[in-house]
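Asker: Here's the letter readout for the chains.
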Amino acid sequence: MAAPNGSIPNGSAAAGDTGAPAVVGINFGNSYASIARGLAECIANEDGERQIACAVAFQGEEMYLGNQAKHQLVKNSQNTITGFRNLLGKKFSEIPQSQIALSAPVIQHPTEPDVPAYRVQVLQPAPSPLPKSAAHTPAASNVATPRSEPISAERILSVSEVTTIFLKSLLQSAEDFLGKKVSGAVISVPAWFDTPARAALSKAAEDAGITVLQLLDEAGAISVCTIARDADLEKDDAASKEDPTPADRTALIVDIGASALELALISLSSGLSTTLHTSTVSDGSVGGDALDSALIRFFAKDFTKKTKAPLSVAPSTEPQDKRAEAKLRLAVEHTKRTLSASPGAATCSVESLKDGLDYTGSINRMRFDMEARAVYTAIGRSISKLLEEAGVDGYAVDEVVYVGGSACLPGVDESIADVFREDVRTPFKAGTVVGGGSGDPTTVLARGCALQAELLTNIASAGGEKVDEITGSFASGSEHTQVKTTSRTIGLLVPVAAESAEGSIAELGGVFVPLVRKETPLPARRRNVFAFAISPDNARVGFELWEVAEGIKIDRIKLPAPEPEEGEEPEEEEDEYEEVKSVTLAKEKYLGSVVLEDVKGSKEAKVEVTVSVSQEGKVEVKAREVAEGGKETSLSVGA
Amino acid sequence: MAAISLPALPASWNPPSDPSSSISSLNERKLIPAGRAYLHHVQRTVHDLSFDAHDAHVEEERKRHAELNGDGLNGEDDLGVGEEEEPFELLQQDPKEWKKQDHYQVLGLSHLRYKATPDQIKVAHRKKVLKHHPDKKAGQSHTTNDDGFFKCIQKAHEVLTNAERRRQFDSVDPELLAEEEDDPSSSQYQKLLKTKKDAGAEQTLFFKTFVPIFEREARFSKKQPVPMLGQYEDGKAAVEGFYNFWYDFDSWRSFEYLDKEVNEGSDSRDDKRYTEKKNKSERARRKKDDTARLRNLVDLAMNVDPRIKRIRQEEKEAREAKKKAANQKVGGPAKKTKAEEEAEKKKAEEEKKAKEEEEKAARAEAKKAKAAAANAAKKARRAQRAGEEGADAS
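Residue numbers (my numbering), protein chains in the order written: chain S, 362 to 1000; chain X, 4 to 397.
Each statement offered as a hint is correct.
Interface residues of chain X toward chain S, partial, derived using beta-carbon atoms under 7 Å:
no., residue
1, A6
2, S8
3, A11
4, P13
5, P18
6, S24
7, K33
8, L34
9, A37
10, V45
11, V49
Here's a subset of chain X near chain S, in silico, CB distances under 10 Å, partners left out:
no., residue
12, L9
13, S25
14, R32
15, H44
16, H50
17, F54
18, D55
Derived from the structure by calculation, the hints contain no laboratory data. These numbers were taken from a predicted model, which means no experiment stands behind them. We put the beta carbon where it would ideally sit given N, CA and C, even for glycine.
Whole structure, please, built from the sequences with the hints as guidance.
Answerer: Here it is in C-alpha cells:
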C-alpha cells in the first residue's frame, strides 16, 4: 500500500513492477491453504506460516485470518468461520445440518433465498457526532470529546464473501512476499467439485482481485509437480542415477486432508495424465481431524491419570470440556508435526487445560501409530477398495504420491505398504518428506499449481496462431481432454532359441520389451535405443511386434525359500508360506516383424526403434541403425 | 538414453506369418488438462502437426527463448550482457595498475561500454565474480597471483558503479582514445578525397568518415538528444541546425582520470600542492585541446560537407532560375528594360555624382567665404586695436 504522501516504500508491490509478471499457485483446501511460486518456493505469510489455516474470525472491531483465527476457536468459536470451502456453490438446503459445529454455525441467508451464510457479532466504530450549530455552542472546554463507544452489530457473511476475504488475504501475503503484483493464479480444486462450486470459487477469486488462470484438479497439480520433479532430478544427477523414473507409470495419489481422504489413480504417460479412478471418503473417519481426535483422546486420558480431573473429549459435551478440547486441538498440531519429523518423543503442553490445571505430556511415534491404527486401517481399506474398483492390482502401481500434512506421518506409509510392490516410489523413499523437497506432501499441490500458472502465462505471452484455442483447451470440459487410449500393451519380442530359454522367456518364446503401455493416450510416440547382440556370421537384427495382456500371478511359496528375484510381497503367515506376486504376460495379437539385414558392428548393433500410434490406432514402427549410414526400415499396421 | 541390451536373433528365425491388421479396440479416457505434455498434445491437435514437425517447432521455440533470455545465471535474464572471451593478457593484469585497465573489458562489457546500464553492470559483475572468485580457484593453481584478476574485477566494479568515477573513466575510455587517433586530419581527408572521382563516391566517403565520429562524440554532450549528421538529402535547416549545435557543443568530458597520483607518503604540503596545481593545469590543457580537437573536426566536416556544396549550388540555381523565369515572362522588352535600367542607373549615378560635386563645391565656397569673413573681421579688429593704441599713446 502506498504511503499517504505518495512515496513508495521498498518491497511494496508497486516498487518492483519490472521483470516478469508474478504468477502463483494456490492450494485452497477446506482446512489449510498454501501459496507457491515455481517449483522451489512455497510462500510464507506474515506470520511465517506456509500452511495457512482456512479460518476467518471476528472479535470486536478486529478481523483475524489464518492461524490467528484458529486460536479464536477456544473462546470465540461463535464468531470464527472455518470449513467454508466445501460449502462453495452449494444451496443451503443441500448442506447437512447434523454436524456438530465447532465454529460459527451455517445459517440461511436472511435476505437471499437458499443461500448459506454465517452470522457473526462485530463491533462497528461509532459514527462521528454531528457538528453542533454555531448558535448553541457551549462554552469552550479543554477536555477532549470522549470517543463514542463502538456499536455492537451483526454481520451476515455469505460463504462466497468469506472466501473472498480469505483469498484476498492470501493474495496480499503473496504480493508482500514477492514484492510485486500477482498477475494471475491457478487454484487447485478437488475432483468432486461440481460446476456450480467451480463457478462460485472463480467468482469469489475474481472478487478478491485474483485473475484465475485455471481451476486445476488436484490430480493435475500433482502430476505437473511430479513430472517437473523428475525432470529436475534427471538434470541434477543423470549420471549417478542408475534407475531413472519411467516416463510411463501408474500413480496413486493419497490426499489425506484434515476432514476427508481423497484417492485418485492416475496414469502418467510421458507427462500426459489421465484419471483412471477416484474416490473420496469424507465421513470424518479418516483424515487429519481423526488423527487429531485419537491424539486428543490419548492426552485427555493421560491428563485424567495425572491430575485426577475428569476430562472426556472427542466428542465432548460439557462446555468446559469443549474448551479443553479446542485447546488440545490447537496444541496437538505441533505434536503431530514433531511426530512426523522424528521418531522420538513429541511433547504437548497446554496451560490451564481444565480446572486451572496445566498439562504436559509426551508421546512417541510407536505409541501414536497404535492410537492411530483405526485411521490407518481405514485408509488402507479405502485404497484397496479403490484399486478393486479400478481393476488394477496394487502390484501394478508404480508410484504413491502423498498429499497433505497428515501424510507426512511415516506410519501412514508403513501401514499401506503391504498393498504395493516393494520398489514402489514414495516420497518417503525419495527422502523428500522431511527435507522439504519437491515431493513434500504439504506443498506439492501449491507447487504444481504454480508451475501450471507459469506454463499458462508463457502460452499467452508467446502468442502465435490459434493461441485462444490452445488457452481454451485448459478449461475444464474442453474437447481436447477427450482422448483415446490403448487398451493393451504393445511391445517388441526378440525370439530366442527354445533350448536356451527359461522362465517367462520360454513362455513367450523370447525377450519382451514393452514399447507403448496400455492406457497410453493417442496419438503417441515412443523412441528407444536397443543394442542387439550380433555375430559376424549372423548380422541380422529383427523383432516381432506383439500386443500382450498383462496379468498378476500370485504364487504361494513355502518358506524358507530363497528370495525370488522379482519384486514380491512378503506376508508372513503361520504356515510359513508367502505370497509372491509377479507380472504375467500373454501374447494376444501378432502385429508384424521388422528385420534389418547386414547391420554394421561386430558384437552388437544399436538400433533406434520409434513406435507411433495415431489417433485412430494406426501403428507405425521405424527401425534405424544408429551407426552412420545405417539402414532403415519401417512397418505399418493399419487401423 | 541407455540402450537396452537384447539377445541375438536366432539364425533359424523367420517372421511369423499372418499378422493382425489392427490393434485391440481403444478406450475412451479424459485427460487432465495440466502440464507441458498436455500443451504439446493440444498444439499437435490444433495445428495438425506430426510428432516430428512438432519436435522441430518446440526446438525452434526453445532456441528463440534461449536467445531472448541470454545464457548463464541459471536461465535468468542477463539483460544482454552475454559472454565475452577473456584473453590471457587480461587475466594476467596487475591489479595495482588498475588505472591502466579497461574496466569494461574486465567485466566483459566491451560490446556495451558507456551504453551499459547499471543493471547490466551488476549482472556482468556477478557473472565474473561467480567465475573468478578465489574460493572457486582454491587448489587449482599454486601461483600467488590467484586472486589478481578478481581484484581487477572488484576495482572495475568500484569504478563503474560510481557515477562520478564512471564519467571520468568514460572520458578517457581507452577504446575511445584509440578511435580518436584514427580521425582524419584536414590534409588526410583532402588526399582521400582526391582519389574519389565522382560525386557519389565523395558523399559516401564523407558519411562513412563522419557519421561514426559524430556518433562517438555525441556521448559527451550535456544536452541530449544530439543531432546526428543525417543524410545527403537533408534540407538547409537541418544541416545548419546540426552545425550550430556542434559549434556550441557543451561537453561534460573531463580528464581527472589521468591525474598524477598525489604522493600520499610525503608530508610536504608544498609537494602536494605542487602536484595538485600541475594536475589542474594539465586537466585544463587537456580540456582545451579536446575542445580544439572537436572544433577542428566540425570545421573539417563543414568544409567538406557535400550537402553544403549542394545547398549553395541549389540556392544559386534557384536564383538564376528565378531570373530566368522573370526574363522569359517579359520576353524582348525585358532586355530593353535592363539596358534602360542600366542607363538609368548610370544616369542616376552621374546625377548623384554631379550633385555631390556641386555640394562639395558649394561647401568649399562657403568655407572660403567663411574664412574670408573671418579674415576681414580679424583685420577690422586689428585695425580697431591699432587705432585705440594710437589714441592711448597720443
